[in-house]
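**Student:** Model the full structure from these sequences, guided by the hints.
The listed protein sequences correspond, in order, to chains A and B. The opening residue of the first sequence carries number 1 in the working numbering; numbering runs sequentially from there. The opening residue of the second sequence carries number 1001 in the working numbering; numbering runs sequentially from there.
If you are wondering where the hints come from, they were derived from the structure by calculation, not from laboratory data. Some hints could be false.
[To be verified] Think about it this way: if two alpha-carbon atoms lie no more than 25 angstroms apart in a straight line, the pair counts; the simulated DSS-like pairs of lysine-lysine are:
#: 1; chain 1: B; residue 1: Lys1495; chain 2: A; residue 2: Lys8
#: 2; chain 1: A; residue 1: Lys59; chain 2: A; residue 2: Lys8
#: 3; chain 1: A; residue 1: Lys74; chain 2: A; residue 2: Lys7
#: 4; chain 1: A; residue 1: Lys8; chain 2: A; residue 2: Lys74
#: 5; chain 1: A; residue 1: Lys59; chain 2: A; residue 2: Lys74
#: 6; chain 1: A; residue 1: Lys7; chain 2: B; residue 2: Lys1495
#: 7; chain 1: A; residue 1: Lys59; chain 2: A; residue 2: Lys7
#: 8; chain 1: B; residue 1: Lys1495; chain 2: A; residue 2: Lys59
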Amino acid sequence: MNETGGKKSIGGDFVIPVAALVFTLYYFSTIIDSPWTAQVAAFFIGAILIALTLLFLVKSAIAIGRGQADLGMKTLITPTGLLATRLGLLAITVAYLVLIEWGGFTLTTFGFLLAAMLLLNRGQRAGFITLFALAVSLGGYLIFILAFETRFPRGPFEELIQAAMQAGT
Amino acid sequence: MELQLDLYGPLFLHTLSYWWVIFPSIFLGLLVGAIPGFSAANTIIILLPLTLVMDVEVGLIFMVALYCSSRMGAGIPAILVNIPGTAGAAATPLDGYPMTKAGRGQQALAMSFVASSLGGLLTTVLALLTMPWLAQVGYYMHSVEMIVVMLFGISLIASIAARDTLKGLIAGFFGLMIGSIGADHVYATPRGTMGFLELYDGVPLIPALVGLFAVSEAFLVIEAQSILSRHSRDLLKTAGWSATLEGARIALARWWHITWNSIIGLVIGVIPGAGASIASFVAYQQSRTYSKIPEAYGTGHPEGLIAPEAANNGVTAGTLIPLLILGIPGGATAAVMLVVMQYHGVIMGPHLFSDRPDLGYGVFMAMAVTYLIMSFTILPLSRYMSKVTLVSTAYMAPIIIAFTLVGSFVPREYMFDMALGLVFGVIGYIARKTGYHVAAILIGVILGPLLEQYFLRALKMSEGDISVLFSSNLGNVLWVALFVTVLTPFALDYKRRRQRAAHG
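**Tutor:** Shown next as structure tokens:
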């Protein structure tokens, strides 16, 4: 928890309990008409979770009421200078997950590593990063797909190599 | 189940024949153990695609060797640069780092390696010899007792591992709730699935642990360009190793200290959720308490270094005991192992030792062989291991994200599971930043479906009578222990606040 002017910023601390509370209530809504066998364990666990969450909220409200804490979100977003980089990395990761289905492991991983490393290095050492990303993604392909035949997402690169190897044999 | 001493010899030789797996695993484990914030669990997750395609025995030996060696590797940066590689080595720098500052870094490393190897080897042998009796515990654990034990595990993590008990409990029960997602066991009614067909079978564990541990960690480590400060980097670059033999001699002369503290580690390791960080601090504390020169602790005293290192390696065998006997992981790495074993269709529990003794006893045999090999190989290599901490996070984080997310695709070949891994990564990141324990969430996710099964079984047998939960003597003892565990931190906190108020 961060402290500002003697006060703890506890806004970020609410995210997990509130998410837990919302999810539990949603979960209850999906079992309300179910047979008891589908309900009993969830109601047992959920009831304890709700009680714990409410206890946490009351405890936090008392701390805020006494002036010992505020609802600031500093805990979650510090260091603020890195917020854009972190969100950028998250966006690149989401793009990676979207594209890998079509691009396959090797090409998409190369693109992801290149973009993420350039972002984290603020665009510097582009040549080295390109070679490094290429080496890591090709290394991953060689070890996981070619050597161990791991079920990684396949795309144009993997298909091309497979076709070339089949043609060779 | 009886002590099968005749099995141990051939099994030892059989395990030794897997040296080609153990050697690289040791070096990999030392490497990742030395990276602060990283762990054996994360490495196994990163290498999950590899682990899942391996033969189950090879995979198990690989994980065990990695686990043992990473525990030892974590002490390297703790001693040299005051940065523990894992939480289990958090007590190591208390006396290790002052030794480095006094120019005795190499000696400290040697002491740490001897204490770790001997402590780990000793507790592994102890676990092997006592396993038949420990396994009996499993037969006394029926549905009611198992419900309490599972709640006990969650509560212990909350009260010991997490800084704030209430937050730890919320994290654990949130995990249990997430673990309850999926169709119910009797009527297949979908529950909490948010309309995703992929969740009808429940929450897949691999994306959960990939996200909670690895992805969240990757987003955290980018907060610094390097894991080390400039000062630490300079110290690391100039570290030497001239006093190795003297360090080994000092440690060997304190063999009783190593024995006693590694047993403390073994006992604490058996308790689900306690883990190496707790064991190392307990060991350090009791070592200082019974020392004739307690004032020397914290200034570079050899016993202050030996105690936590022997204890955190003693934990290694301990955490696997509840996993193998009860199917309840004693820590994060054990949880990852459980996931991998489940993927291979191996059922944990006392029957494992009669059905698959090669796996049940093999785990400890792999540990023994690993510690033996390490005691001969690690000393000359120690100097160079900590250099990996110089790798920039700008290269480390993207590699972690890419390979772990793809790893969560492997078991079911669902793109959905990769996205789920990222969702858990976000949950894990928020949890870590705000003081909720990700291990508590993960163990909750793992125990959620099991808890429901035992709950239903108990209620079916009692025809819906909820008082069945308090119908067994052992169960009632566990309930009392559970309530004491949950309430003690609050009581101590209250007492501390009263004392503080009384002192103005």
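**Student:** Give a verdict on every hint.
**Tutor:** Hints, one by one, checked against the model:
no.: 1; hint: B:Lys1495 - A:Lys8; verdict: holds (22 angstroms)
no.: 2; hint: A:Lys59 - A:Lys8; verdict: holds (13 angstroms)
no.: 3; hint: A:Lys74 - A:Lys7; verdict: holds (12 angstroms)
no.: 4; hint: A:Lys8 - A:Lys74; verdict: holds (9 angstroms)
no.: 5; hint: A:Lys59 - A:Lys74; verdict: holds (19 angstroms)
no.: 6; hint: A:Lys7 - B:Lys1495; verdict: holds (23 angstroms)
no.: 7; hint: A:Lys59 - A:Lys7; verdict: holds (15 angstroms)
no.: 8; hint: B:Lys1495 - A:Lys59; verdict: holds (17 angstroms)
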